[in-house]
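Heads up: the sequence shown is residues 1 to 255, going by full-length UniProt numbering.
Check the hints yourself; a few may be wrong.
To be verified - Mimicking DSS-like on lysine-lysine, the simulated pairs with C-alpha atoms at most 30 Å apart in a straight line are:
hint : residue 1 : residue 2
1    : Lys148    : Lys203
2    : Lys148    : Lys122
3    : Lys148    : Lys94
4    : Lys116    : Lys148
5    : Lys94     : Lys203
6    : Lys123    : Lys94
For the record, the hints were derived by calculation from the structure and aren't laboratory data.
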Amino acid sequence: MESSASADAVARLDDLTRKLRRECPWDREQDERSIVPHTVGEAYELAAAAESGDDAKLLDELGDVLFQVHFLSLLLEERGHGSLAEVADHVHAKLVHRHPHIFGEVEVNSSGEVLKNWDQIKKGEAGREPGIFGDVPENLPGPLYALKTQRRAASTGFDFEHVPYEHVSDELQELEEAKTREERFHEVGDVLFAAVNVARKLKVDPELALRASAERFRTRVEGAEELAHAQGVKWDELDPDTQVAYYAKARLSLG
1 MESSASADAV ARLDDLTRKL RRECPWDREQ DERSIVPHTV GEAYELAAAA
51 ESGDDAKLLD ELGDVLFQVH FLSLLLEERG HGSLAEVADH VHAKLVHRHP
101 HIFGEVEVNS SGEVLKNWDQ IKKGEAGREP GIFGDVPENL PGPLYALKTQ
151 RRAASTGFDF EHVPYEHVSD ELQELEEAKT REERFHEVGD VLFAAVNVAR
201 KLKVDPELAL RASAERFRTR VEGAEELAHA QGVKWDELDP DTQVAYYAKA
251 RLSLG
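Taking the hints into account, I'd like the entire structure generated from these sequences.
Next up, the structure:
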């Protein structure tokens, strides 16, 4: 799509967003606190669409996220603290600043060097919280929070040269040896943190990987329930061993 066509489409969405804000009772009632949960939900739906490989679904979810950006930008504009244009200009300037190998004289030989430079540039930007973890929000979902803290530590040189598989084994052993509820709570967290670290070193997004695993489990359980139903049996009336047997059959057929 040409630049002018993109601009026209964005302008139409902007006009629609303003009309909804003026005339729709629900939209008029919203503020940042009430709309952000919807924004987060749309972001998760976008991630699921991207992971699914369904381009039609991805296009749809990108539109929903784009609307969220328009709506939140309009709230800024109403308070005189910004606008969609300022949001676009701000991110444009930020991306240019963080890509000196494209827009400056810096030379890089790998994507790893790009990321290292990116982190160093972020540290020097105005408004950043001080400290190694100053720019890591504490309200992120657990896997993402763990991933970002590990990445920030690694950016200072505090990292493993290899994939730390053995740390997962060590933490599992400590979990098995835990005696109290508090100890188990602590060790479960360490197991999960170690697993995220392995994912990071393997360049696997732990959030997406976990969601994909949960989706596979869900599909297999639903398949097992269907197998039981086909034989005239109610899933929730089966004993655990029989449920496991049906699950194994579903897993074989579904992969």
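Query raised in the report: Of the hints stated earlier, which fail here?
Result: none
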